[in-house]
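*Asks:* Sequence:
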Amino acid sequence: MRTIPTLLPVLVFLLVAAASAADDGGDNSTFVPRDYILLDCGSSGQNNDSDGRQWNGDTGSKYAPSLNSAGVYASNQDSSVPQYPYLTARVFTTPFTYSFPLGTGRKYLRLYFYPSNYSGRAASDAFFDVNAGPITLLRNFSAYQTAQAINFAYLIQEFSINVASSGLSLTFTPSVNHSNSFAFINGIEIVSMPDIFSDIPTLVSGGTPTQYPIDENWAMQSMYRLNVGGQAISPKEDSGMYRSWADDSLYIYGAAFGVTYPADTNVTIEYSFPSLSPLGCLLLG
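Per UniProt numbering, residue 1 is the first one in the sequence shown, and the count goes up by one each step.
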């Protein structure tokens with residue numbers, strides 16, 4: 001198993017295009033993903049979330065044929081937590097793998113967690129690893145501690161991963177270093193994304209701009225996604241990749257917030273690469 005002894009520093013890429021979802025003006029193009037999966041873990045049938053997106057239960061799913069019974073419900077459902085995909089969960093006391101047949105190329109992988117007590121198991125006992133093939137995405141992860149630290153009721157962990165073969169295996173492994181540990185997952189989302197790293201040199205901010213090629217074997221974790229000068233953008237309002245954008249005013253400190261200018265609709269900028277957007281990411285290796 002491939003592990004990452006230390007995490008590389010956070011690299012922030014500012015990649016701007018006129019077709020970005022954060023652009024309020026012009027004729028925005030919409031990316032059409034080749035692969036798009038919304039898996040409601042612990043559920044059966046189909047359910048629509050608050051954005052109108054349809055989630056499919058993993059009970060009897062082709063992605064996990066051995067899951068032929070219903071999952072578990074949280075002992076307490078916080079009123080601020082959306083029902084789907086957080087109403088149900090899958091709990092694992094031994095390693096378990098989902099297998100997703102996918103086309104090759106980069107994908108957004110989003111993992112949805114609602115840290116609660118499940119079937120008498122305390123949320124604070126959930127320590128586990130998550131691996132995408134040979135890459136460790138989360139190690140000794142505690143959704144409970146993470147949510148407590150940032151004062152969130154639920155979590156979405158987003159990664160950019162490259163699928164080099166015809167599929168992706170996603171494995172959840174309870175920690176061996178914590179007694180009574182278990183793994184859990186509420187929802188899994190996979191959506192294709194444009195490969196913006198293979199052919200385009202990336203400029204790293206700080207000092208003199210330097211070419212920094214991104215290895216296709218690297219996975220990256222999204223840390224912040226801000227719509228600078230604009231309002232928050234929900235997944236359904238994004239340009240086809242179902243990303244969530246935060247209002248940047250929450251991250252501005254100081255007396256002056258700056259001045260916001262809308263895009264000039266009389267100016268057209270043409271780029272030779274596909275629709276890009278600001279992206280903050282943590283390289284995992």
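Source of the hints: derived by calculation from the structure; they are not laboratory data. You may find that some hints are simply not true.
Simulated restraints on C-beta separations [to be verified]:
no.	residue 1	residue 2	range
1	Val267	Ala70	42 to 48 Å
2	Tyr251	Ala70	16 to 22 Å
3	Gly60	Val228	40 to 46 Å
4	Asp264	Asn217	28 to 34 Å
5	Asp125	Asp51	41 to 47 Å
6	Ala153	Glu237	21 to 27 Å
7	Ala246	Gln54	23 to 29 Å
8	Ile156	Ser75	17 to 23 Å
Yeah, the Cβ is synthetic: ideal placement off N, Cα and C, and Gly gets one too.
*Asks:* Each hint: holds or not?
*Replies:* Here is how each hint holds up against the structure:
For the hinted restraint 42 to 48 Å between Val267 and Ala70, the CB-CB distance of approximately 55 Å leaves it violated. For the pair Tyr251 and Ala70, the supplied restraint of 16 to 22 Å is violated, since their beta-carbon distance comes to about 41 Å. Judged by the Cβ atoms, the range 40 to 46 Å given for Gly60 and Val228 holds: they are separated by roughly 44 Å. Hint check: Asp264 to Asn217, Cβ distance near 40 Å, so the stated range 28 to 34 Å is violated.
Separation of Asp125 from Asp51 is about 32 Å and departs from the stated range, judged on CB atoms against 41 to 47 Å. Between Ala153 and Glu237 the beta carbon distance is about 22 Å. The supplied range of 21 to 27 Å therefore holds. Ala246 and Gln54 have their C-beta atoms about 25 Å apart, which keeps the hinted 23 to 29 Å range intact. About 21 Å separates the C-beta atoms of Ile156 and Ser75, a value consistent with the hinted range of 17 to 23 Å.
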